[in-house]
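Chains as they are written, first to last, in the numbering used here: chain B, 1 to 311; chain E, 1 to 280.
No wet-lab data here; the hints were simulated from the structure. We treat Cβ as the ideally placed atom computed from N, Cα and C, and that holds for glycine. Among the clues, some could well be false.
Derived contacts from chain E toward chain B, CB cut-off under 7 Å, selection only [stated by the list, open to error]:
1. 15
2. 44
3. 129
4. 237
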Amino acid sequence: MPEALSAAQPASFQAKSRRLTRGEALVGLMLNLPAGIAYFLMLLLPSLATILLAFTDYELGALEWGWIGIANFEEMLEDRGFAIALRNTVIYVGLVTPLSILLGLGAALLIEAGMRGRALFRAVFFLPVVSLTVAMAAAWQYLLHPTIGPLNAFLRLLGVTSPPFWLSSSDWVLLSLGAIGVWENVGYNMVLFLAGLSAIPRELYQAAEVDGTKTWLDRFRLVTWPMLGPTTLFVLTITMIRSIRVFDTVAVLTQGGPNKASEVLLHTMYKEGFTFLRLGYSAAITLVFLLMVLGLVWLQTKALDKRVHYG
Amino acid sequence: MAERGAKSLWADAPRLLVLGFLALLLLMPYIWMISASVKPLDELFRASLNLWPERFHGIENYAKVFSQIPVFGYLWNGIVVCAGILFFQLLFAIPAAYALAKLRFPGRDLALGLVMLGLLVPPHVPALPLYLAFSKMGLLNTYAALILPFTISVFAIFLFRQFFKALPDELVHAARLDGIGEFEIVWRVILPNAWPAATAFAIFSVVAHWNDLFWPLIVIEGQARATPALGVLYFRSDEAGDDFAALMAAAVIMTLPLVLAFLFAQRRFVEGIATTGLKG
Chain B
1 MPEALSAAQP ASFQAKSRRL TRGEALVGLM LNLPAGIAYF LMLLLPSLAT ILLAFTDYEL
61 GALEWGWIGI ANFEEMLEDR GFAIALRNTV IYVGLVTPLS ILLGLGAALL IEAGMRGRAL
121 FRAVFFLPVV SLTVAMAAAW QYLLHPTIGP LNAFLRLLGV TSPPFWLSSS DWVLLSLGAI
181 GVWENVGYNM VLFLAGLSAI PRELYQAAEV DGTKTWLDRF RLVTWPMLGP TTLFVLTITM
241 IRSIRVFDTV AVLTQGGPNK ASEVLLHTMY KEGFTFLRLG YSAAITLVFL LMVLGLVWLQ
301 TKALDKRVHY G
Chain E
1 MAERGAKSLW ADAPRLLVLG FLALLLLMPY IWMISASVKP LDELFRASLN LWPERFHGIE
61 NYAKVFSQIP VFGYLWNGIV VCAGILFFQL LFAIPAAYAL AKLRFPGRDL ALGLVMLGLL
121 VPPHVPALPL YLAFSKMGLL NTYAALILPF TISVFAIFLF RQFFKALPDE LVHAARLDGI
181 GEFEIVWRVI LPNAWPAATA FAIFSVVAHW NDLFWPLIVI EGQARATPAL GVLYFRSDEA
241 GDDFAALMAA AVIMTLPLVL AFLFAQRRFV EGIATTGLKG
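If we strip away everything but chain E, and leave its shape as in the complex, we get:
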């Protein structure tokens, strides 16, 4: 490494040791989860501290998970729900944010005030009446029940508005002079320029909704529409019982998709969470 001022490995060692120790502590649940998922039960119950099993039982454990619960069904539900939520969030928030950032119209200040008010309200607050309404409309146990409450993200409006305000006005003026209609401007001029903010928000939104347990627990019963979070919960209480090996295998399977996505696009994830976090 030809970095200027780069320390020698020797001088850097204490820092690396402390970081390494912290990292190892943080990784403990993962290490033991993976280790347990390839051990036979009798070895687990002996509580040995060997990471590698004496008798490799991984195939049986993972096979048990796939045979007992609809793994791909859960993952598919998770994808449908996250994609559905993100689609509507962007569809509703981007035009609104553009108008709030670049156009003058009556009620704009009121709309901005409502956005700020909405930022203060955690999603648990409207949960009870939404449950009642969905239950009356026969929407429980549907994708609609999982997606609809999150179609509006005031945070997305806020984030995109900040971003659009920084875009030069000339961009919009030039498009108008070219005879592009106001609605078209949103999709043909603003959206192509909104990708950095959209990526950051997409990561924030998918991480939040892939991991959410509170709302799915309220509106979903049974396996048909269960998300990955619910799937693990069901497996834990019903099928697995004391079979920690299979439970750990299920946990590995359900954690893997998002973690893999993260490892492939690490920089984007970290930047996405940092931008959305600091603007929020």
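The shape of chain B in the complex, shown without the other chains:
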């Protein structure tokens, strides 16, 4: 009897837990169903369709279209406009990333270094992140206006006789857009660095002091910078991914001009797709854009791996 009881008990427990597991499986699936449907319809299916579209000559409103293999990508290699857009995007990312990271880190270190004005400065640096980009682009347009803009009025006051046409000269336009990009991203990077800084244990600084580090620079070199490593790597990747998406300021301020001097990848994709209605070619450009983003993520993972193995 006792044996039967002890044998029966686990069995009933098992049955109960199996029942629960089966119920749990059903519930788990049901809870994922709405998200799954939305994911399939809004993300997976259209993304796969973009890949297929890139191998067609589909044009909006066209009655006939066909598979053309890699012809879109071949055209891209010959397309001077695309080459310029690619080059400009790389230059833009190359300008915005280091500057906005250095300034963001500098601002975070300075804010963290004292007690006064913390909330105020944090709020001011963060303001561009929450400001309507299109509206602020209009403000920049006025600020940088060649004749009535305050910046050039100030430069003339300083004795510069012919200050640059910031947004309408092909020599300056990318630099100007880059400056606006830095302005947009500094606050975001600062916030991430502040979070990284607050995670560094105070004891490390005390230990460093015991070991004889005296100057601020030594403390930075020995404690802050190494401890910020993962944050910096993350900020680097996210800034590159954010700035490679540059579209708003170009669409509002220059539309790629003058003479394609500020043409960038997403703006070219938008123009080919929605102005020239060449959806196939536009999809091919989208794929190049996606590959670049994936490449950046891949580099980040590789860098992280290295840290784990050799760090």
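Chain B is fixed; fit chain E onto it per the hints.
For chain E alone, kept in the frame of chain B given last:
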């Protein structure tokens, strides 16, 4: 200030000066935008460096904006779109994230893999086919077109899953013992505990979609369903022309709502962006 180790104001001065200078540089577009929005046009064209106008023209400039474009219409569209997007994002993501964090079910690993895959894909990638589909279904120029593509946020699922995994299992067990059904658990037990993550995500989502130009530019034409970003763009190209004073007034009006929200809930905004940023 009785902070331990607090420096004297004198020793703190260089730091404050550098920060102050940087802050002033960053504020330049705002300062000049506001200044221009209260100046008459002839003063703007003289390009004087005075911040305050000789002849205050603010009322006329702002009145021009309100009379020429449906300001409240744009703001309302922005609110509807952001609220709609956030509502569906939370509605879809929270249950899915709870299941992925706390339940065992077939296909869970596949679902997790799809979430990770989705995190890698920028929203511009599905844009062309979505536009085609919406156009075929006659959905262009509707709220649906603005909201639907963003109802699924893999980032939200990822963020909430991280958060739910840190919640103790006992919370769920206790609820089951109390006889609360599995679906009810999500809304009665998990959701009340999800507020910190939900606030952080809400701020991230609203900032992103309030400012978005790319997608509204694709699916919206005309003023009826235009978001604030599109509204400024239209005003800039059509009504304003060379009237920078009115354009700056429009820019101030459209920037103000989110900036005010930020100033009122500064700490939450900064924390929200920091959490969502670092988890992403």
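Can you name, in rising order, the numbers of the hints this structure does not satisfy? 4
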